[in-house]
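Undergrad: What follows is each chain in one-letter form.
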Amino acid sequence: MHPNFDLSDCYTIQGKLALPYTYFAGSVGSIFLTTLRDRRKIMGIKCHTCGKVFVPPRQTCERCLEDIRDQWVELGDTGTLENFTVVRYADRHLPRRPPFVLGLIRLDGADTPLLHLVAGVVVDRVAEGLRVRAVFAAQPENTILGIDHFQPL
Amino acid sequence: MNRVAICAVAQIKNEPDIWYQRFQGMVLECFESIVRQTGVTFDMEQGIRNVVTCSDDVFDARTISDNAVTDVVGAHFRGEEKVAQDGLNALGYAAAAILSGHDDLILVMGHCKESQSESRLMNTNLAFDPFYCRPLGLDFLTAAALQARAYMRKAKLTEHHLAQVVMHARANGARNPYARDNPPVTETDVLTSPLLADPIRQLHAYPVTDWAAGMLLCCEERVHEFTEKPVWLTGFGSCMDSYFLGDRDLTGNFALKRAARRAYSMADIADPSTAFDLVELNDAYAYQLPLWAEGTGLTPEGSGGAWIESGLDRVNRSGGMLNGNPIMLGGLARALECALQLRGEAGERQVDGARRALAHGTTGAAGQHHAVLILER
Ligand SMILES: [Zn+2]
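So the protein sequences, as listed, match chains A and B.
The end of the first sequence is residue 153 by this note's numbering, with every number in the run present.
The end of the second sequence is residue 377 by this note's numbering, with every number in the run present.
No wet-lab data here; the hints were simulated from the structure.
Where hints are given, some of them may not hold.
Below are the DSSO-like pairs computed for lysine-lysine, each with C-alpha atoms no more than 30 angstroms apart in a straight line [claimed, not checked]:
hint	chain 1	residue 1	chain 2	residue 2
1	B	K154	A	K46
2	B	K13	B	K229
3	B	K229	A	K52
Footprint (simulated), chain A over chain B, 3 or more residues, beta carbon under 8 angstroms [stated by the list, open to error]:
hint	segment
4	18 to 27
5	82 to 94
6	214 to 222
7	235 to 245
Which bits of chain A does chain B cover? Going by a derived footprint, with three or more residues having C-beta under 8 angstroms, they are [what the hints assert, rightly or not]:
hint	segment
8	10 to 18
9	22 to 34
10	51 to 62
11	74 to 85
12	92 to 98
13	108 to 114
14	133 to 146
Each residue gets a CB set at the ideal place from its N, CA and C atoms; glycine is no exception.
Required output: the full structure, derived from the provided sequences and hints.
TA: Given below as structure tokens:
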């Protein structure tokens, strides 16, 4: 489509949405995140009805609709890479410069794979089934970045 | 039972960057076209009393994004509801409003100008929670890449299959005057296109697109006032899957199967593989076309590769989302193509004698939410 009017006086302006927020992590999420930050332990939550162990944690089993908020189990800091992608573009929202690996890691003791970064390996050598270990952040972090990344065992 | 029909559709051409027109102007063109086609008025007794809009706050960079368009969609001084999901759900809302007897006539208007923000991907990163996913940079492309890898392995889908899907989209898009103008591609172009997030290459991903569209829906009793060629909406279903990618079976189409089952039971469809003269699936990425074909029951689970080899003749004649529609409006674009086909107004790409069609839409990362609409002449 071409505009059917003269564009010579048309102009665009630059703008930005940038609004600071304070997010409550939730009562269950707070325990998970502070345990990760302060004790360097990755906690899951187990549904005693179906036996499923969830991570990130949650208050209710989506299948059984059971309240599972107090049913914490400690997970290993090792796991298996089940799926991954090599991110090859740069953008402001990305935590690393490309190329880097984003993967779904099934932690030992968990049933739901956890999304995280995989580093310390040549990107073209990454494969499903890779055994990995969590590398915790050197500085305290209040999000899932309390784990800095996972790297091969 | 009361029935509901689409009486008119309107759209502007899908474009990479309509910098010279505000999205209000884009919508206004569609609105004026619908008024011209149908003679519909805004009389509070006989005219449009309720409008359903579809838009996204972050893409528009203003919250309550419908505030920006109420005057140019005729929603001034009357009912207006906004759908901040794929536009196929706006048709679902509108149909429900009519079938429930709430109103006779509903105008549906959608817009999205993806080109406005510096990065469409940064925009979709904001769809994720700030604790577990957003800090890792997850966006709709990387979420799709994880789904693509799992699905390609399961269905033994090759790069050649994906290239065929892309070439199909471009060839059909070239026959649709409202489709985004994209250069034709060869198989080699697709196979050697740069990787964005393995296994997704640049040409496997839908391009940044600006678009607006509208439709007028009406109850059966009054349909003759507005059109000779009503397109009946005979089935609708939607379903939301789990949020975390790790909670989902990324290749199992859980939500799409449920959405489709609901729509099929409403439309009395027993065998979807033979029920439709054409289907429009919302393929934001090339691998999604066969995956969604499995989820809608057009082909058995895991057979998406063979389904592509069978020719794709009556699939995405519009060019599909892969040829270029903005996010938010992919499903609305699918329904709009079905309506044109069922009215016999699809020009060079017309499926002769088309009587029944399926339109599909998705919202969220890697098809978290699906909607399915059945349209009949
Ligand atoms: Zn359970």
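Undergrad: Can you give the numbers of the hints that this structure goes against, from lowest to highest?
TA: Result: hints 3, 5, 6 break, sorted rising.
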